[in-house]
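FYI, in my numbering the residues of the sequence shown are 1 to 277.
Calculated from the structure, these hints are not laboratory results. Wrong hints could be hidden among the right ones.
[Unchecked claim] Once the Cα atoms are required to be at most 20 Å apart in a straight line, the calculated PhoX-like pairs of lysine-lysine come out as: (1) K212 - K156; (2) K212 - K185; (3) K125 - K218; (4) K182 - K212; (5) K212 - K125; (6) K182 - K125.
A quick note: this is a predicted structure, and the numbers were derived from the prediction, not measured.
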Amino acid sequence: MMFDKQVLQELSTIVGKQHVLTQPEDLVAYSYDGTFTEQRPEAVVRPNTTEQVSQVMQVACRRDVKVVPRGMASGLAAGSIPLEDSIVLDLCRMNRILEIDELNFTTTVEAGVITQDLADAVARKGFFYPPDPSSIKQSTLGGNAACNAGGPRCLKYGVTGDYVLGLTVVLADGRVLRTGGKAIKNVSGYNLTQLFVGSEGTLGVITELVLKLISLPKAARTAKAVFPRLADASRCVNSILTAGITPATIELMDETTIATIEEAMHLGLPLDVEAML
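Hey, can you work out the whole structure from these sequences and the hints?
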């Protein structure tokens with residue numbers, strides 16, 4: 001299928017001709033994510049504001065065109081893989097940190113902000129944004145919310161959804177919905193915010209987020225323990241947690257993992273043990 005030129009013209013009028021990509025060499029870069037799945041879109045549209053996203057969705061709805069939202073496509077769930085005869089809505093231009101509210105311990109960001117960039121920005125003001133997906137240096141906050149992403153720190157701090165207080169979402173017909181707010185106890189009405197968290201773009205396009213912050217930890221320490229038997233390491237984890245100690249992260253590596261990492265990185269890890277924490 002080739003899109004009607006009128007559709008492309010309408011999209012170009014909204015976001016600018018340079019932000020509507022249709023050349024094969026451009027479309028290839030948008031045909032895959034962190035998985036091996038691949039499907040080339042018909043076009044890529046790169047909006048810069050919520051209003052532009054709304055207008056794009058209105059055109060798509062009126063013209064019956066499928067839309068797939070996309071951040072940095074670092075996910076491993078094929079959530080940003082284009083559908084056949086679809087357009088990709090690339091949100092990476094929407095990468096502004098709109099506010100760091102020091103009184104309310106919140107930050108308001110656009111969906112295309114890189115997770116690590118936000119963590120660094122709030123840390124400079126003494127705050128901590130804990131969610132740490134393995135793609136933290138590449139993934140976007142909109143994508144994190146869409147997938148409810150988490151990382152090793154989820155043991156102590158939880159996942160992305162635990163920090164999303166409010167959202168701006170563009171619905172399929174272009175209507176703009178704002179949910180939640182800065183209040184921690186926001187219990188009036190339906191919890192629409194958490195309905196969109198984890199929905200992987202199927203219910204609407206997340207364009208802005210209000211996120212909860214906490215105080216930056218004053219110190220962090222890393223410990224390593226080795227065990228002659230894997231079962232001993234497992235029991236140690238249970239003992240730590242039942243003692244009321246919750247580490248920010250805790251990871252168990254078996255002997256195969258230890259050997260593989262040592263072979264690749266030469267860290268001096270012990271190879272005569274069954275497990276390491």
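| In ascending order, which of the hints set out earlier in this document are inconsistent with the structure? | The structure conflicts with no hint, since it agrees with every one listed earlier.
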